[in-house]
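Asks: Protein chains in written order, with this note's numbering: chain F, 1 to 493; chain Z, 494 to 990; chain P, 991 to 1111; chain X, 1112 to 1263.
Hint data in this document are derived by calculation from the structure and do not stem from the laboratory.
Among the hints, a few may not be true.
Derived pair list, reagent style DSBU-like, types lysine-lysine, alpha-carbon separation capped at 30 Å [what the hints assert, rightly or not]:
#	chain 1	residue 1	chain 2	residue 2
1	Z	653	Z	798
2	Z	653	F	108
3	F	360	F	448
4	F	165	Z	937
5	F	360	F	165
6	Z	798	Z	937
7	F	108	F	158
8	Z	653	P	1045
9	F	108	F	165
10	Z	653	F	165
11	Z	798	F	158
12	F	448	F	108
13	F	360	F	108
14	F	158	F	360
15	F	360	Z	937
16	Z	937	F	158
17	P	1018	Z	937
Beta-carbon label-pair distances, calculated as ranges [claimed, not checked]:
#	chain 1	residue 1	chain 2	residue 2	range
18	F	23	X	1179	55 to 63 Å
19	F	208	Z	552	41 to 49 Å
20	F	208	Z	859	43 to 51 Å
21	Z	534	X	1127	43 to 51 Å
Glycine included, every Cβ here is placed at the ideal spot set by N, Cα and C.
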Amino acid sequence: MIESLVPFAAVMAPLAAIPLIAASSRWPNIRELWTLLAAFAAFFLVISLIPSVDADTLVGSGRFFIVEGVPLELKVDQTGLFFGLIASTLWLVTCFYSIGYVREHREKHQTRYFAAFAACIGSTLGIAFSANLVTFLVFYEMLSLATYPLVIHSESPKAIRSGRKYLTYALTAGIALIAAVLWTGNAAGTYEFTAGGILEPGMLSPSAMRLLFLLFIVAVGVKAGLMPLHGWLPAAMVAPTPVSALLHAVAVVKSGVFGVIRVVGFVFGPETMAAYGLDTMLIVVSGTTILLASCIALRQDNLKARLAYSTVGHLSYIVLGIALLSKSGFAGGMLHMVNHATMKITLFFCAGAIMVHLHKDRVSQLDGIGRAMPWTMGAFAIGSLGLAGVPPVNGFLSKWLLCEGSLEAGLNLPMVILLTSGLLNAAYFFPIVYRAFFRAPAEGVAEKGEAPPMLVVPICIVAGFSLLLFFWPDLFLGLARDVASAVFGGGQA
Amino acid sequence: MRPDLLNHAPILIILLFLGGAMVAVLAGLLQRRLAQPWAVGITGSATLLSLFGLARVLQEGALRYQLGGWRAPIGIELIYDPLSAFLVVVICAVSLLVLIHGRRIVPEEIPGREVPFFAVALMLIGGLCGIVLTGDLFNLYVFIEIVSLSSYALLGIGTKRSPLSAFRYLVMGTTAGSFYLLGLALIFMRTGTLNMTDLAEILPFVSGQVPVLVGLAFILVGLSLKAAIFPLHGWLPDAYTDGCSTATALIAPLGTKTALYAILRFVFFVLAPAYGAGAAPIGTIVAYAGAAAIVWGSFMAMSQKELKRMLAYSSVAQVGYIALGIGLGSRYGLIGAVLHILNHACMKACLFLVTGNLRRNVGHSYLPNLDASVRREMPWSMAAFCVAAISMIGLPPTAGFFSKWYLALGTVEAGQWPLLVALLVSTLLNGVYFFRIFEQVYLKPAREGASGREARGEAPLSMLVPTLIFAVLLLILGIGNVYIVTTFLEPIWAGVL
Amino acid sequence: MIDFFAEHYSHVCIVVLIGVGFFGMVGKRNLVKKLIGMSVLQSAIILFWLVAAFKEDATIPIVKDGVSPIVPEEYVNPLPHALMLTAIVVAVVTSGVAIALLVKIYRNYGTLEEDQILEQL
Amino acid sequence: MMRSASSNLIVRVTARFVAPVIQIFALYVLFHGHYSPGGGFQGGVMIAASIILLRLALGNRETRPLISTAVATRGAALGALIFLAVGALAFRYGGEFLDYGMIPFSDDESMRRSHGILLIEVGVALACACALTAVYDDLGEAPGRGEERSGD
């Protein structure tokens, strides 16, 4: 392991920006400068870690004891790097988009918005780089708390109701996580994430093992939107769109999914999972979620709600891939983390651009807007194709790997679910694209033209990512495969 | 600081307060305004002294101070070990901040009575230090009564209702004291000693005798009444609600906690050799009483509309945490209990100080009437409130999370799942009643001109600074908990086993 | 039976006194009567200590000439008495504070009957 | 109210006569405290009793100027301070708190202890007498005065 302060600095960069942001609330330009500086700093710090992390080498920073016997330790392994890359890269893009969005939309409480945003990203990076369960817990709870101001941002009664709902779910998850972490530490004698798991079969009685797993799944499943724990996610769509885009498609929900990866691959380990039938439990839950969420998404007229349910479904793709306990499935799940992130953030950015520019937020209002906003809706089309699993967008790759993993595990049903869900995805996304390009626009839409560049450029960038990652998936795919090999043993690790 | 003076540090700290109180009576009659600076000065120098004393204890080990030159089992002994030295620092520092905060608010809330108020407050703090320091069971009784009497007097000044609440508190408190004394008589009859260390050595020989067991039961019930452990907490909510701001801010964080500390000392240092660590049957009862307190207190707090009353009920719950830790009787239980004594002192003090700020500048602390105007006028106070509340809920990285962590670890280790559930559920319940306030203060639109009162803005510096210091402390204590555990608690635990 | 009472009459008295004290504190609705009950309880416990320290045919523990050998049976243990002196002080101060509070309550409500005070709340 | 001066001549004269007797006996109890049952607390209480007796019998107007409430309050504090000061004086001579045997009142060890305890008892008596008087005054006082407590 290499000792270095880089992981620590990467986590602290956004957190250190918070007081600066708060202090310069009177001067929006300086305030946004801090946000951008922090975003760039975090981005380059994470990028700089890529060369030094491979399957054998970890980068760690600091062993400061947070509770007796357990250090608050940040350690970048490939899994953490994978997630850290997604979060920091997309944050940078979202920063530009956010600035454009809140100014265009004349949001109130912008300082609170940017401060909370920075806190969220700091916590997310902390989750990504956590070396043990306690550190993970600390950042997980911080993330829960930091998201609250963003959910209630508009301060409307509806937002406040959603905020309450969110808190109820998040605090319950936090409780379950504390209990699970304590129990694990007591049973396994360590909190350290270890590829292949720290809980050996036989450490706990079968029923206790299942209960512990259930606690973990409740804890991380809330953020990962596993049904029936997903209720907060559609409600949280009252938040401003960049928040929905980054946090509810990337940072927060992916923290939950990342938690599933850690729990399955690094706490329980495939052996224990299989020994107690925990994988079946997870497959059933995630499979059901995929189908149900896609069906519900079909019925949503509100664009963001449709995206939210689509998110719920796609998060379960990842969980399903991990639950398959096969190398390709695991790699596919991880790859889908990054792919879904780029595609869904594209869609959310588009929804946001439509909302601030044309003040439309319902699917039924979108007739013909593709003519006014060709770039935006073009990006939207790319995202939709990807989510439905059509090449040449990156979504195809991860879905392919997932199906392969399903076969590798000797299970057919998951593959059927995945393919069915692909159809359903097409069914709820393509009509939007169709409406936008092939229906006559409503009055006054065509003259409005394209959204401001501060919004469109980030949209094009993330859509470009989605395409790029189809042609050059090597970085992420390599990382994902390495992690899978480490977890399942053998291979090049 | 002269080193030979530090040999007397434990008694000097108590003397400073008691003597300071007397001088305050003498001097305060001449010039009323001098009372508060004098009290602050005394507490400040005691804080300094206790810090030097702590440093010395850490360097040279525990100090056993024999009063009057009489050797230990006969004379009264003060035990100045890392734990008690540390808690004395906490008591002095917390009271110092609260007394500074009282500069403006005491003359405004109870005009004309500053001198007796601050004199009695000094006696109270001296008594608190005494409880923590003493190694003699009868001396403990005397200090507990000094604290109780000062509390009755302090809480009796205030609103129209406060004398009645204070009287009820007095009746309960005296019953508790009588129980303790009765139990002590039985123990003394059987063992002939009042010294804690001595008793711990003798007790194993008589541990099964009926009078001894009855005596122990009386002592524990008496102390539990003073500490307001469920279901003996009935006096607490009224007493805390009706007192004046500074009095509650002084007594709520420290009063019941030192009684709990006395229980902790008694259970771990006197009973442990005879009955095993945690004194098995008693421990279980105490732990479950604590769990019941946590749940019941949280539910009662949720249904309150007056902020002070809500905080009082949450105190009942917080006492439950500490009781739970003591009842577990294990290493993690002890760590959790002591840390929570410390953390709760800071959290509650912070919350009550904010309540004081609200009462002074907004005119009330009635929850349904709080709205966003409060936050706009008093952004710093409310920020401090948020930190303290998050710590009460127990979210990292605030201090409250870590004491809960150790307590939960203790329950898991002992396999006491119901206790763990109570601990964790309380997090949710605390969340409910504190986020309700956040919503009010941050999101409820201000009613224009409804209050008919001109805005008084943020609290004056003398009130704001102590409040903010507490808020910052909560973060520091959270991050630094391991240092506290390894430095102050580890040697103690080594001594118990 | 009679023997038991004859031998332990002092303890029986103390138990009765404690009972009376408790009854006063719990059963009476008048605050002054509560206070009286409280005082009775305190006195009973002080009495209990003194009874426990009683020793027949013993005297105060002051050695006059210091020549004769000291026989412990001849002297009373002074400790309980000294302690109870302190306990009495505590009891007196408690009563003082209690009476002060009662005076204030009477001024605020015009009565010391708990029921009538509760009506006014 | 109830403490208006008694108009009964016998009560007044008896009280005037009895009070000094009580006080002298109180002093005996005080100064003989370390040889026989008695001491500062008992003596102090008796002095307070005599003062209160006078207040009851003669009324406040006549007795207050002799020992006013303010003086009583300060006396109580002063008494407690004497106690603490003697205790703390032991520091000066290398003893621990209240180790008055170390204070060089005399060469003889037992005499040193005797003098030390006497000083302390005087302090206690002063505190007791004054505090009880102050409490008594305070309870019947017109509204507006604060709580009272004593140093024990």
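Asks: Which constraints among the numbered hints does this structure fail? Numbers only, ascending.
Replies: 2, 8, 10 and 17
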